[in-house]
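Number of protein chains: 2
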Amino acid sequence: MISRLCIIGVGLIGGSLALALKRAGAVDSVIGCGRQRANLELARSRNVIDEFTTDPGEAVRDADVVVMAAPLGAAEPLFRAIRGNLAPQAIVTDVGSAKRCVVEDAKRVFGAIPANFVPGHPIAGTEQSGVEAAFESLFDDHRVILTPLEETDARATQTVRLMWEAAGAEVLLLDLDHHDQVLAATSHLPHMLAYTLVDTLGRMEQHTEIFRYAAGGFRDFTRIASSDPTMWHDICLANKDALLNALQQFSADLAVVSDAIRNSDSAVLKDVFSRAKDLRDAHVSGSK
Amino acid sequence: MISRLCIIGVGLIGGSLALALKRAGAVDSVIGCGRQRANLELARSRNVIDEFTTDPGEAVRDADVVVMAAPLGAAEPLFRAIRGNLAPQAIVTDVGSAKRCVVEDAKRVFGAIPANFVPGHPIAGTEQSGVEAAFESLFDDHRVILTPLEETDARATQTVRLMWEAAGAEVLLLDLDHHDQVLAATSHLPHMLAYTLVDTLGRMEQHTEIFRYAAGGFRDFTRIASSDPTMWHDICLANKDALLNALQQFSADLAVVSDAIRNSDSAVLKDVFSRAKDLRDAHVSGSK
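Top to bottom, those sequences are chains P and G. Quick note: the first sequence uses our numbering, first residue 73, plus one each step. Quick note: the second sequence uses our numbering, first residue 73, plus one each step.
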């Protein structure tokens, strides 16, 4: 299906995509691109990629599909580096956790939203990062959201859809800004809470005992605080408005809970806890 | 070892303890006590308990060990109900997630801290509740914290220690108030964050999409929001001071993160995220 796939940023997501497409026989050859030669050599030795270069312009030259899988902060310089080097029919997609900012980056570099650029976001990942954490089944039964715009060529969207389906994922289309709001709520806000919680506890006087007595629930709750700091720094700035909005709503609600505890307001506490339990039990149960 | 064990509150914790002690051959007979006859009948039909009564005074009468495993809010009325009915050598312990309040309840009812009362807290549990969720290996390789006071008889503490060890747990002693502070940080605060988060998202305009696109990280993060609302209401009020203190520190730190996002302050964001990741990787990894 894909003759020459270019993966820029061969980490957990980029590497797993390459492996998944190889597993499906959906790609002839994969060229990897990144800043660290040692990482690219590791990726080649594991047969994640077939060849590599550290030059993005060279990497994309004969590729029919280019997947940008570097942190969001690298999007604009990468667009600049590949502009003028893409094959005429090449399709470009990305895997960023925020989509409006990537589209704005593309617009700034190309002067308009390119018809062959399909913004994408696989809802998959672990708190691990790097190509050593990549595995071919990462996307199996996971969702990939594509947020094509009016300017996007429908055939480009279809190519990217088929690529992700070949990698094992279920593909859904979503409005760009809607995506950013939903992800701010379900992913970006929880990451802020987990990072802040661990940092808060680490600076408490009793931090040694705190981590010694942390139980299973705490481990699950803070797992996402082991995620890559640079990637999450980039996501915060890339999805600033939606994330600040979610943070503000959460902080106001947490103040209500704090006040209820202070005032021993049983009605409010039972109300919030019951509503949350019912919602979670109804919508988020299962272990997928 | 234990001739007649009385479990007041035959739910996940009380039921699992009875099963674990039976597995170890460490108990001759178990009498269960609770308010709901149907639940007690279910517990007996599953051989979790051997007999039952809904009258706490009657339940404790010939027991050598009494375990109070009802929600924290029931501690004072239960102490009143069993006072005067305990055998002279009977040892009483509890499983509450906050310890100062239970000791105060006991002091109020008995006029002084009883020498044979050993405050305890198994650091185990799931988001499930009820005897139908009980299982004999719940405490295997988990910790149980005992917080004996100066007034506590050392032999009583030893009996409760041996009981928990027979149930598969590792027993640790901790200062009472220190326990309440550490648990406020590692357990009570995270539960507040999870409940509040799910409630916040449930009231957002896009709540349908929010729960539809929630990924694995979100499921782990919000698992504890499926915990029993009444139990957590009781814990909030029982450990009010330590929890409010933890909530205040967390809220202040979250405001710092929010400001850093608003001001695109990369240094602060990377600093907080890196510190949190390093702490968690160092202290909370593993899957126990």
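Treat the hints as calculated values from the structure; they're not laboratory data. Honestly, I wouldn't trust all of these hints.
One copy or any two copies: either way a pair holds, since identical chains are not told apart in the list.
Here are the simulated lysine to aspartate or glutamate pairs, EDC-like style, with alpha carbons at most 20 Å apart [as the list claims (entries may be wrong)]:
id, residue 1, residue 2
1, Lys312, Asp337
2, Lys342, Glu130
3, Lys179, Asp225
4, Lys342, Asp313
5, Lys342, Asp213
Hint by hint, here is what the structure shows:
Proximity of Lys312 to Asp337 under the C-alpha cut-off of 20 Å is restricted to the inter-copy arrangement: shortest distance 12 Å between copies versus 34 Å within a copy. Proximity of Lys342 to Glu130 under the C-alpha cut-off of 20 Å is found in neither arrangement, the shortest distances being 60 Å within a copy and 31 Å between copies. With identical chains, the CA atoms of Lys179 and Asp225 are at most 20 Å apart within one copy only, with a shortest distance of 15 Å there and 75 Å across copies. With identical chains, the CA atoms of Lys342 and Asp313 are at most 20 Å apart between copies only, with a shortest distance of 19 Å across copies and 32 Å within one.
In this assembly of identical chains, the alpha carbons of Lys342 and Asp213 never lie at most 20 Å apart, being 36 Å within a copy and 32 Å across copies at closest.
Of the numbered hints given earlier, the model fails hints 2 and 5; all others are met.
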